[in-house]
Amino acid sequence: MKDRFFVRLFVDRALRGACLLSTVLALVPLASVLWFVVVRGAHGLSLTFFTGLPKPVGEPGGGMAHAIVGSLEIVGIACAMGIPAGVLAGIHLAESEDTRFGRFVRFSADVMAGVPSIAVGLFVYVLVVRRMQGFSALAGAIALAVLMLPTITRATEELLRLVPESLREAALGLGVPKWRATLRVMLRTAAPGIATGIMLAVARAMGESAPLLFTSFNNRGWASSPAEPTASLPVNIYTYAVSPYADWHEQAWAAALVLVTLVLCLNIAARWLVRGRLP
Amino acid sequence: MTDRTNVVRLRDTAADSGELSRDASRPRLEKPDAQSVKMRTVGLRAFYGDVQVLKAIDLPIVERQVTAVIGPSGCGKSTFVRSLNRMHEVVPGARIEGQVLLDERDIYARDVDPVRVRRRVGMVFQKPNPFPTLSIRDNVLAGLVLNRVRVSDPDALVEKALRQAALWDEVKDVLARSGTSLSGGQQQRLCMARALALEPEVLLMDEPCSALDPIATARVEELIHELRQSYTIVVVTHNMQQAARVANLTAFFYMGELVEYDRTDTVFTRPKERRTEDYITGRFG
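Taken in sequence, the protein lines are chains A and B. At position 61 of the first sequence the residue is numbered 61 (this note's numbering), and the sequence of numbers has no breaks. At position 158 of the second sequence the residue is numbered 158 (this note's numbering), and the sequence of numbers has no breaks.
Worth double-checking, as some hints may not be accurate.
Computed spacing ranges between beta-carbons, pair by pair [said to hold, decoys possible]: (1) B:Gly184 - A:Ser108: 40 to 46 Å; (2) A:Ala18 - B:Lys172: 37 to 43 Å; (3) A:Ala26 - B:Gly184: 38 to 44 Å; (4) A:Ala18 - B:Ser183: 38 to 44 Å; (5) A:Glu95 - B:Val112: 19 to 25 Å; (6) B:Gly93 - A:Ala85: 25 to 31 Å; (7) B:Ala211 - A:Leu20: 50 to 56 Å.
Which chain B residues stay away from chain A? Per the calculated CB distances, all over 10 Å, these [unchecked claim]: (8) Phe47; (9) Ala109; (10) Glu273.
Honestly, the hints are just simulated from the structure, not real lab data. Computed from a predicted model, the values in this text were never measured in an experiment. We treat Cβ as the ideally placed atom computed from N, Cα and C, and that holds for glycine.
Isolated chain A (complex conformation) (with noise of 0.2 Å):
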């Protein structure tokens, strides 16, 4: 008996240390990502850089102004198209009974989870681009609004069909319409968990370069509106990090600090938000 309760305790304190190890493997790459961003952006950091344009090559100073408020432009503007149309898809598939055309679009969504997003932005420089004859905030936010898309429709799916259906009978035998016990009840229940799905969707899309290759493409100073090419943080990191200028490879640095923080503060939004909501 006694021999069996040291294997038994060696086993449990083997496995635990196992445990640990691996957690702090997996902290490794987090934490020096973190790190160096953070201490090679830090440096190119200054007050022109959120309010300056880029200066030529070989002048000293210059900022990311018009990268930072485009990548915003165009996250703002995907949002205004992917969270209605993956919220309200979600909802569909969670509300409507199962029929082919939910099992259809609940498949096609898993799908387009998978899609790399080169090709959505391939998908939408042919579409979008090629027909508007030109690079444009639009074109990449719709690229980033198709990348949103999937993740949202689900995870509102899914929280949904998290809320006991118990909610919804309390409602309706309140007298409540069934459209409204979904709005009021249902997703008013499952707010907080659709919220932190939307953030982690959007954070992602902020991260996003690929897909804005070639759809808002980039621009060395002010798009004038959401029609023209327009510099994205992601997209600038790239164009700089690959030039030969030992100032732009500072300057990308900073640009991944900012991003880092951006995509950071949307992360710690959507726990904020969930805070203590769980049941």
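Given chain A, work out where chain B should sit, using these hints.
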């Protein structure tokens, strides 16, 4: 399987007056005439897909009385009450044949909106289901707020409904807390307050105490006792003692049929049907 033979008319009260006087706590039950029948079902059949779960039920629901619906699991008693406020059809594939008359008007008529029916015929469910995102106060008002009914004095209404549900003293200082922060028994009384705030004409309760402990059950039963002064109540229960305690009238369902319907004391002391007797004496179910 004939339908009408299952309908048991109420006996003459005159013949039973001696029996009645022995139980002074139970109010005298007059023989139901047309005015006092609040609801009645006529040949009510209920289906889930192809499965028939109710076989032509004819049952009156007498005004300002508590009617208990008893029977073993799966006998259709829940389906029966859910068909009384059109909640049966909420389940996919569920449908109804026959009529349910509320004040002699068929609630399944083509021009009747189920939403309106549910406002007149309130429901309390088996498991307490307060809205977790709403405070206790807002839970009480939920039926009105969700239906966009304007309330001139919401606080007074909240107090009235919570008092009716015998919950006011326990929650009056924590009205802003979440409805799910209460205990199970309190949650169920909150759900009753929520239903009562709409001032329904009929209150349906589908095993309201099955998720509650004995003390909470006693409170809810007391409450049913008080509420029958002003409401018509139908309570489903698998607990025969509970039926005997709270109901003036009892309907016994078995395998989707209405086997017996009579005054509660008659059903429990002198059942006419063999199956009723077997069930009540615990031979099955």
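Cross-check of the supplied hints:
no.	hint	in the structure
1	B:Gly184 - A:Ser108: 40 to 46 Å	holds, 43 Å
2	A:Ala18 - B:Lys172: 37 to 43 Å	violated, 54 Å
3	A:Ala26 - B:Gly184: 38 to 44 Å	holds, 41 Å
4	A:Ala18 - B:Ser183: 38 to 44 Å	holds, 42 Å
5	A:Glu95 - B:Val112: 19 to 25 Å	holds, 24 Å
6	B:Gly93 - A:Ala85: 25 to 31 Å	holds, 30 Å
7	B:Ala211 - A:Leu20: 50 to 56 Å	violated, 42 Å
8	Phe47	holds, 17 Å
9	Ala109	holds, 17 Å
10	Glu273	holds, 32 Å
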